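Protein chains: 2
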Amino acid sequence: MLLKMKIDWLLQILIGCGSIKVSEILKYCNSRCLAVVPQGGNTGLVGGSVPVFDEVIINIGSMNNIISLDKVSGILVCEAGCILENLDSFLLNEGFIMPLDLGAKGSCQIGGNVSTNAGGLRYVRYGSLHGSILGLEVVQANGTVLDMLGTIRKDSTGYDLKQLFIGSEGSLGIITKVSILTPPRLSSTNLAFLACKDFFSCQKLLSESKRKLGEVLSAFEFLDNQSMDMVLTYLDGVRNPLPPSVHNFYVLIETTGSNETHDKEKLEAFLLHSMESGLISDGVVAQDINQASSFWRIREGITEALMKAGAVYKYDLSLPVEKMYNLVEKMRIRLGQRAKVLGYGHLGDANLHLNISTPEYDDTVLAQIEPFVYEWTSSHRGSISAEHGLGLMKANKIHYSKSPETVELMISIKKLLDPNRILNPYKVLPHSLVQE
Amino acid sequence: MLLKMKIDWLLQILIGCGSIKVSEILKYCNSRCLAVVPQGGNTGLVGGSVPVFDEVIINIGSMNNIISLDKVSGILVCEAGCILENLDSFLLNEGFIMPLDLGAKGSCQIGGNVSTNAGGLRYVRYGSLHGSILGLEVVQANGTVLDMLGTIRKDSTGYDLKQLFIGSEGSLGIITKVSILTPPRLSSTNLAFLACKDFFSCQKLLSESKRKLGEVLSAFEFLDNQSMDMVLTYLDGVRNPLPPSVHNFYVLIETTGSNETHDKEKLEAFLLHSMESGLISDGVVAQDINQASSFWRIREGITEALMKAGAVYKYDLSLPVEKMYNLVEKMRIRLGQRAKVLGYGHLGDANLHLNISTPEYDDTVLAQIEPFVYEWTSSHRGSISAEHGLGLMKANKIHYSKSPETVELMISIKKLLDPNRILNPYKVLPHSLVQE
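In order, the protein sequence lines correspond to chains Z and C. Taking full-length UniProt numbering, the leading residue of the first sequence gets 1, the next gets one more, and so forth. Taking full-length UniProt numbering, the leading residue of the second sequence gets 1, the next gets one more, and so forth.
FYI, nobody ran anything at the bench for these hints, they're computed from the structure. Values in this document were obtained by computation on a predicted structure and should not be read as measured data. Mixed in with the good hints there might be a few duds.
[Said to hold, decoys possible] Listed next, the in silico SDA-like pairs over lysine to any residue satisfying Cα-Cα at most 25 Å (straight line):
no. : chain 1 : residue 1 : chain 2 : residue 2
1   : C       : K197      : Z       : V72
2   : C       : K71       : C       : K204
3   : C       : K415      : Z       : I411
4   : Z       : K415      : C       : S403
5   : Z       : K397      : Z       : F372
6   : C       : K21       : C       : I67
7   : C       : K264      : Z       : S188
8   : C       : K340      : C       : V312
9   : C       : K264      : Z       : R211
10  : Z       : K204      : C       : S68
11  : Z       : K71       : Z       : K21
12  : Z       : K204      : C       : E94
13  : C       : K197      : C       : P183
14  : C       : K71       : Z       : V72
15  : C       : K27       : Z       : P404
16  : Z       : K197      : Z       : T303
17  : Z       : K27       : C       : E408
18  : C       : K415      : Z       : D147
19  : Z       : K27       : C       : K330
20  : C       : K21       : C       : K415
21  : C       : K340      : C       : W376
22  : C       : K415      : Z       : F372
23  : Z       : K204      : Z       : V285
24  : Z       : K264      : Z       : D236
25  : C       : K308      : C       : V328
26  : Z       : K340      : Z       : S188
27  : C       : K27       : C       : K204
28  : Z       : K204      : C       : K415
29  : Z       : K204      : C       : K340
30  : C       : K204      : Z       : S188
31  : C       : K204      : C       : W376
32  : Z       : K197      : Z       : H247
33  : Z       : K204      : C       : N142
34  : C       : K264      : C       : D101
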């Protein structure tokens, strides 16, 4: 339905080309109370970039110039419409990498990444965009261009307002330029694909890897046996790299460092120790880049496999690690034979993707899942959206993760920055409260 | 003068003990339009925690309990009055470290660190508090307690409001609790004390170290020959670890990693290569913890030496690395024999401490320094306060680093969160604009 709406309103797409043009469009729309939806690569999972009624779409995809790269400090400045993968390719030649990497990198745009506070695979190593983003240019609802495009690493002059726009999903302003700290590209990468007998072993392996792999750990992902089955069943050419056996969990550990010999020694010593202590029951280290790609294909292919399998209910949760998998097990008990319940995600960041697959959408199944999944997450002080944002689909659920006083302050800030409520309406915050 | 004021108003110090008490105090003060100054360790360098007229001081030092530590993820939750060094000592036993370290660690408090967005020595490795802080409890001007005390690493539910309070120097709310991601403590630390013939070599050394030391680099500090002279002249028992010679610059490079052998190999190969290529003219690696302390004593003792030498004009600037030292040289030309001009700081973060020493305070010297130092920094899009904040002393200078539209939005936010302007008046923002 969302897709259909999008097509209906194609005629209303305005191509933002330069912050001046975006400013003019917003000034016009604001003066006439016309609602707008900022849109980047349109790869979000919660409907944040999709119009709901008659909003004008402002697509920033043509603002895709790289402005500068400081080769001493690794500070990249670019327009918001640059595609993530293109930025990574550009940096590759210059000896740097983007501090984030996600499955949608081929089409998602950096402006959208920042607006949604995107996480992804490198988060465990390089952390949040709140730390990496050094500056933004943002056009406010009334057309004012806010130049906060700092190109230095440290700045403590006044409030760090750019932070407000990181993760606010285009509801406070439209990001037109981005300045971001990019880490140096290190020469050595290793990837291990491991099996664990239970979730407690996965957790313990994580703790140990933080200490023993320490500074070279660059990804720590997990999937359960159900996720592996889904991929093997629905994706052509994918196979389990470990000999057939009943493994309950799989873990991918990636290291990235500056010295191939040192990194291999660390990883091998760590794996040997983990094998001896029984934390891992089997494992294999990728021997070349093709094998590494085939390991990643399993982890990154889960979404695609789920789409082929039928209907899917997707939840992107952050929970204390030791509680995380309890939710998957509880959900399996609640749903019984009616659904396949998959648990996978960024274990290194305590980020669980709980995905529930059914042959087709079924309201009785949904009633078993929601609001239970949110209530359970809330009762453990977790986040109901770790890295996907709230968008349209979860805006009304914000109270599960944020206190009433905090939501109230968000609404005050929304009203301050966008008094006519033209920016991405119905998203992020409960619509009824914003309109009050 | 500031110190005298502080003593005059000692009677007005209220001891905040728990967020409920802070809430009651603020509710009372807000209803009567009584201004307050939140105060932590009172170690700031720009007068941010010092009352100006008759403000009530709210001291949070007695709120110093550690609340929890998640030993899998390293997430520490504590009250805002905990002293930084005490937190680091606590974590030491648990296998973690604080992601920040500063000279004032023995008395500064974590609430003050967060309020001022403190930087320090570990910044080059662990980055900004905007990335490390996972949650805050904040009491608003009207007494409302904002529970934003997330204890999870990822959360994209609504606006990340806690970010507003990081670096706002107590002018938007009083931080009462902090949740922070602490990195694992790694077993191996090495420290090299090196000499470079010119600033260009220091820069080149930095670029190379990011690539060759990569993941183990944990500090990259520099001082010029004038800073070394100051320390050797005024601090007892400090000596130059390198044989007497004319070196223009000194660099401290620290590595921290999980494997002693690997780290030493990396550092030695790097130093050998740098020596051969002429980037460093001499150098020594600390052989034990005492020698390492004596190296750090030189870098960290500069402030103390300056205080003994007489009057000092201190500037904490962030600039593009390749331009950074030009300012020091220009300042030497402007001031000639009337002052000693020192350049040192966190080169790895492009953060220059420009300190100017004179026998006593002298308005004609000051007139040669300011506004030139701010204008020059501004013209290179630098920050006039990299890590010290604006406080009282630099509030009116915010325009050198922030655009008028950005400052205007800061003022709107100040008025929204603190309509009676009771929180830390005269600080951060130009007072005249806030009162309009």
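Status of the hints after comparison with the structure:
Distance hint between C:K197 and Z:V72 is fulfilled; the C-alpha atoms sit about 19 Å from each other, no more than 25 Å. With a C-alpha separation of about 39 Å, the suggested pair C:K71 and C:K204 falls outside the 25 Å cut-off, and the hint is violated. The hinted pair formed by C:K415 and Z:I411 meets the criterion: a straight-line CA distance of about 15 Å does not exceed 25 Å. The suggested pairing of Z:K415 with C:S403 holds, with an alpha-carbon distance near 22 Å, which does not exceed 25 Å.
Between Z:K397 and Z:F372 the CA atoms are separated by roughly 12 Å; this keeps the pair inside 25 Å, and the hint holds. Of the supplied pair hints, the one linking C:K21 and C:I67 holds, its CA atoms being roughly 18 Å apart against a limit of 25 Å. Under the criterion of a C-alpha separation no larger than 25 Å, the hint pairing C:K264 with Z:S188 is consistent with the structure, at around 18 Å. As the CA atoms of C:K340 and C:V312 are separated by approximately 9 Å, the hinted pair is consistent with the 25 Å bound.
For the proposed pair C:K264 and Z:R211, the alpha carbon gap of about 18 Å is at most 25 Å, so the pair holds. As the CA atoms of Z:K204 and C:S68 are separated by approximately 19 Å, the hinted pair is consistent with the 25 Å bound. Restraint check for Z:K71 and Z:K21: not satisfied, since their Cα atoms lie roughly 30 Å apart, outside the 25 Å limit. A hinted pair counts as satisfied when its Cα atoms are at most 25 Å apart, and Z:K204 with C:E94 qualifies at roughly 16 Å.
Note on C:K197 and C:P183: the hinted pairing is violated, with a Cα-Cα distance of about 35 Å set against a maximum of 25 Å. At roughly 36 Å between alpha-carbon atoms, C:K71 and Z:V72 are farther apart than 25 Å, so this suggested pair is violated. With a C-alpha separation of about 19 Å, the suggested pair C:K27 and Z:P404 falls inside the 25 Å cut-off, and the hint holds. The suggested pairing of Z:K197 with Z:T303 holds, with an alpha-carbon distance near 24 Å, which does not exceed 25 Å.
About 18 Å separates the Cα atoms of Z:K27 and C:E408, which keeps this hinted pair within 25 Å; it holds. For the proposed pair C:K415 and Z:D147, the alpha carbon gap of about 21 Å is at most 25 Å, so the pair holds. At most 25 Å may separate the alpha-carbon atoms for a hinted pair to count; Z:K27 and C:K330 exceed this at roughly 44 Å. For the hint pairing C:K21 with C:K415, the CA-to-CA distance comes to about 24 Å; that is within 25 Å, so the pair holds.
With a C-alpha separation of about 19 Å, the suggested pairing of C:K340 with C:W376 holds against the 25 Å cut-off. At roughly 40 Å between alpha-carbon atoms, C:K415 and Z:F372 are farther apart than 25 Å, so this suggested pair is violated. Restraint check for Z:K204 and Z:V285: satisfied, since their Cα atoms lie roughly 20 Å apart, inside the 25 Å limit. In summary, the hint linking Z:K264 to Z:D236 is not supported, as the alpha carbons are separated by about 31 Å, beyond the 25 Å threshold.
Distance check on the hinted pair: C:K308 and C:V328 sit about 21 Å apart at the alpha-carbon level, within 25 Å; holds. Distance hint between Z:K340 and Z:S188 is unfulfilled; the C-alpha atoms sit about 38 Å from each other, more than 25 Å. With a C-alpha separation of about 54 Å, the suggested pair C:K27 and C:K204 falls outside the 25 Å cut-off, and the hint is violated. A hinted pair counts as satisfied when its Cα atoms are at most 25 Å apart, and Z:K204 with C:K415 does not qualify at roughly 48 Å.
The suggested pairing of Z:K204 with C:K340 is violated, with an alpha-carbon distance near 55 Å, which exceeds 25 Å. A threshold of 25 Å between alpha carbons decides the hint, and for C:K204 with Z:S188 the separation of about 22 Å falls inside it, so the pair holds. As the CA atoms of C:K204 and C:W376 are separated by approximately 24 Å, the hinted pair is consistent with the 25 Å bound. Of the pairs offered as hints, the one joining Z:K197 and Z:H247 holds, with about 6 Å between alpha carbons and a cut-off of 25 Å not exceeded.
Pair hint Z:K204 plus C:N142 does not hold up; C-alpha atoms about 45 Å apart against a cutoff of 25 Å. Between C:K264 and C:D101, the direct Cα distance comes to roughly 23 Å. Compliance with the 25 Å bound is thereby established for this hinted pair.
This entry does not satisfy hints 2, 11, 13, 14, 19, 22, 24, 26, 27, 28, 29 and 33, going by the numbered hints stated previously.
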